[in-house]
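Start from the sequences and build out the full structure, keeping to the hints where you can.
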Amino acid sequence: MRSLTEEETRTLFTKLASYTGRSLNSLITPAEDGSQSVFRLQGSRVYYVNKDIANLSVSFPRDQLLSMGTLIGKYTKTGKFRINLTALDLLAQNARYKVWIKANGVMPLLYGGSVLKAHVARFSEDCPENAGVVILDSNDVPLGFGVTARSSAQIAKLDPTSIAVHRQADAGEYLREEDTLFTT
Amino acid sequence: MAPNVGGAKGGAKGAAKGGKSTNLSSASRVSKSAKKDGPKRPPPKEQKTKPRTANENLKKKKKRVYTEKELDLPELNQITPVGVIKPKGKKKGKTFVDDAEGMMTILAMVNAEKEGQIESKMMKARQLEEIREAKKAEAEARMKERKNKFDDVKDSIRQKKKGKGGDKAAEPTSIKDSISKPGRSKKKTVAFA
Amino acid sequence: MGVGRRMKKQGPPAPLDESKITMLKKRKAGGAEAPPKPAPAKRRRSDADEAVSKKDAPKKKKVNGAAPKADSKEPKKQPSVTKKAVPVPMSDDDEDMEDDDDEFGDLDGISEGSMDSDDEVEGLSDLEDDNSVVDSDEEGHTRGAMFSDDEDSDAEERLTAANIEGLSRKLDAEQQEEEEAAEQEMQEAALQTNIAAPDVFADQTQQGLAPDLQLLRQRITDTIRILGDLKTLGLPGKSRTDYIDLLLDDICTYYGYTRFLAEKLFNLFTPREAFAFFEANETPRPVVIRTNTLRTNRRSLAQALINRGVVLEPVGKWSKVGLQVFESPVPLGATPEYLAGHYILQAASSFLPVMALAPQPNERVLDMASAPGGKTTYMSALMRNTGCVVANDASKPRAKGLIGNIHRLGCKNTIVTNMDARTAFPKAMGGFDRVLLDAPCTGTGVISKDPGVKTSKNERDFLAIPHMQRQLLLAAIDSVDHASKTGGYIVYSTCSVTVEENEAVVQYVLRKRPNVKIVDTGLGSFGSPGLLSYMGKTFDPKMALTRRYFPHRENVDGFYVCKLKKTAVTPVAKSDDAEPRSKGPKKARSAPSAASTDDESVDKTPIVDENGHAADFEGGAFSSFEDPEDAERIARAERNRLRRKGLNPKGVLNKPKKSKVSVSEKTSETATPSQKEETEAVASKRTSNEPKSEKKTVVKGDKKQVTTEKEEKKTAAKGKVEKKEKKSAKKASK
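Residue numbers (UniProt numbering), protein chains in the order written: chain A, 1 to 184; chain B, 1 to 193; chain C, 1 to 734.
Hints in this document: simulated from the structure, not taken from any laboratory. Quantities reported herein were computed from a predicted structural model and do not represent experimental measurements. Where hints are given, some of them may not hold.
Keeping only pairs whose Cα atoms sit at most 20 Å apart, straight-line, the calculated DMTMM-like set for lysine to aspartate or glutamate is [as the list claims (entries may be wrong)]: (1) A/K15 to B/E115; (2) B/K88 to B/E68; (3) A/K51 to A/D89; (4) B/K94 to A/E7; (5) A/K74 to A/D179; (6) B/K92 to A/E8; (7) B/K124 to A/D126; (8) A/K98 to B/E119; (9) C/K517 to C/D540; (10) A/K98 to A/E129; (11) A/K157 to B/E130.
Following this line, the structure appears as structure tokens:
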């Protein structure tokens, strides 16, 4: 377990920034009570964890330390970063663009489908095409995240069955990908 | 040759007792060239045995190590890709960012980039939108024009029909004639020309 | 919105019961509720009238057997029914109703307040709002659930003050009827047992390959009844053990236990209770979900689930986050709420250890065997994602599910490790404020969940698993920081009911670690106290502070919870304590506690023999046993041993001079050595104890000789070794 290198940090932040925007700052600045969270790399996986906990966890042998704090995602062999579903909380708190879906779109999403125009209840303003977006249900509960297929202006003109948001991750993965979600 | 011999002599001077042996050694080195002194020399056995165990000989055997450059291998056959040259003297390993400032700077850069991208995207989108709007307007205008034209034609036809009741036959023919005649005349002129 | 109304069921006990009854009513379609009381009475009567045919007998006896259960339920139901009958007529105007609501609402607000971290006042005001708009705003579903139930018993509802008398009279009549029935039943029971008692053993002989389950069950109930009053009901020739033997055999065949396990479990209870326990193991426990307070609160969760058509209610007064699910049209493990981490499916029993542990914010807590994470996430929620929870599990595949649950429920203060807790803690990390050890166990408390336990557990498991539990608990104790300002607690729990895995383990660590003591679990009166003695073993008097839970008593999985407080450092390991702990600064305060351990070890010393003692025993300690015969045998054995090893053939030849005489007398000169031996033995027997002292000395002398020889050899060998060493040294120097 170690902290990230500059290169890795840049890769990670680039990825996160496509979902979060300016408020990403709040992730790395200390909270009011002085506690600070940090990113830590274990194997190829990146965890976002309170600094105290990170310091505590150095006591454990690397191969026996399975997880700490929140798993954000992992670096692929080619050096790219892939965000995991478990980062959803983080993204939802700081999301730049959001899309709210109706009740009829929840189950299709949780089964791994994309968000259709018919499912969209509301869209963040001024959302461009191919932008990262957090998907919430009508009660503001985050269910997943994805990438917009069209800009918000265009979506209004689409027909109901066309895809509005391409799914990247959804909460259904806790069941569907149970075995692979956390394999290191 | 000459310095060698001198060296041997010096050795002999230095070590009075071992004079013989040093002589032998010197002889051995110049064995072939100094065959004339042969009878004095001991048999070649010693020549063989001594150098093998001696340190100097081992050193001599040590092969020369060539650097990669000297070997002049084709560059493609290397493990490290061609373009990559590891800077010498630089600290090995990774540089971590564990301080907030470092993170902040990186974040700021990334953010700026992203923002720029999004901005440009939005700009582009807006421009595209404008273009689209313009095109649309144009298309609409054209449509309108066409429609007007069409309407005109329709009106004219209608008028024609109305006119049938009165002097319908005279007018169109006269128009036709008036249009066709100059055309024909022109054509003719061109043809003749 | 309807929550307020629903939640009030959770308030004072009486309405809770009432609601339960309404639930029952609802589930068991209306009409089923009324008949049961009169009906059995009728049937019994008719049965009594009828000639006792063989086919009817089982039914009748079943009823009798079930009688205790029914009795236990009836007193519960009865008061609730009467209560219900009384308040309903009273509340003919709505204001009364609303007052009631407020009253319960108050309680509700209080209980909720701590959970939601809302202000109490806020909760109250919320509730008041609820009440004010309750009629218009309330969701149809909840309200429907409440009122439709009431309307089921329409007849009762319409009763007003006017005909209350009639109602009470009716009730009285009912009661009387019941009593009569009960009396009659008692009489019948007496009659029957007289008939049935001989049957019990008669049937046994007839038992074929495929036992008739109904008959079997009948016999079980019969035997239990006989055991309840053996003096009057038992057959003259049969003892209690005979009956118990029969009962155990029947239980094994009826429920499919191994005899070993059946006996073990049976011994925990009275026969009657044991039967109830075995019965309870056949029915599943209620499905319970725990609200994840990190993401939502119980009220909104319940509302969301009710909107999906789930029928649920608070699990009980003892938990503020549990919801008991009666039926659900959707799979509870795949709802959007579940996937969003608003709740987790968790047995009611596994709330208890965490509640006992009561982790506080900003503490460092360890969960030694944490998969699948129900307890870990509960702890994390109680700590509001502050501090640190180290969740360890020895199994990697199980740890995967644990990580999934931790992330799904949004616990950010966890470290998940995959180590063997026995050795890893406190080596890898110590100084915890609290440690939860929900130890791996035989699972005798969760047989309803995993019937495989009935047959898979053998004697060996009941030795090996408690052993591991002891090791784990010792490790847990050593990992705790006794000086912690807020904590210093260890909670030990198992999902097993056997004493070996519970009280015995705790008793063991109390002896091993005098620096811990049992403290109250903080679970109140829920559950029954731990056993103070069992099968001749007596436990620490404070063992009564630990809590036991049984499926047939509390309707939760069989469970055991014990809370320990560490008061001082673990004393420095003694010679017999083979676990030197890594914690350094123990020397300073070890003095007082070490003294107490001395007492403990003193207790042990007579048991543990040292070599010096053993030597003494040869001379004096066993002298009292030295009967002449013994001495003779000992001597002979010794001689044989020596001869067989070829150490002292003379020991045979020299000593029995007298026996040689006898041999000569016997004239068997050509006897082989073995024959000689025999004759010798015979002779020595004859000569009895005369040569005792002689023999001994001889033997000893032989021994000495042998030892000296050995020593010589050794020295010779040593010399050789030295020589060798010298040689090697020389070589080295060369």
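Right, here's what the structure says about each hint:
For the proposed pair A/K15 and B/E115, the alpha carbon gap of about 13 Å is at most 20 Å, so the pair holds. As the CA atoms of B/K88 and B/E68 are separated by approximately 16 Å, the hinted pair is consistent with the 20 Å bound. Between A/K51 and A/D89 the CA atoms are separated by roughly 18 Å; this keeps the pair inside 20 Å, and the hint holds. Between B/K94 and A/E7 the alpha-carbon distance is near 9 Å, which keeps this suggested pair within the 20 Å criterion.
A C-alpha spacing of about 16 Å is found between A/K74 and A/D179, which places the hinted pair at or below 20 Å, so the restraint holds. At most 20 Å may separate the alpha-carbon atoms for a hinted pair to count; B/K92 and A/E8 meet this at roughly 17 Å. Annotation: proposed proximity of B/K124 to A/D126 holds, straight-line Cα distance about 13 Å (limit 20 Å). For the proposed pair A/K98 and B/E119, the alpha carbon gap of about 18 Å is at most 20 Å, so the pair holds.
A threshold of 20 Å between alpha carbons decides the hint, and for C/K517 with C/D540 the separation of about 10 Å falls inside it, so the pair holds. Distance restraint check for A/K98 and A/E129: the Cα-Cα separation of roughly 13 Å lies within the 20 Å cut-off, and the hinted pair is therefore satisfied. Distance hint between A/K157 and B/E130 is fulfilled; the C-alpha atoms sit about 16 Å from each other, no more than 20 Å.
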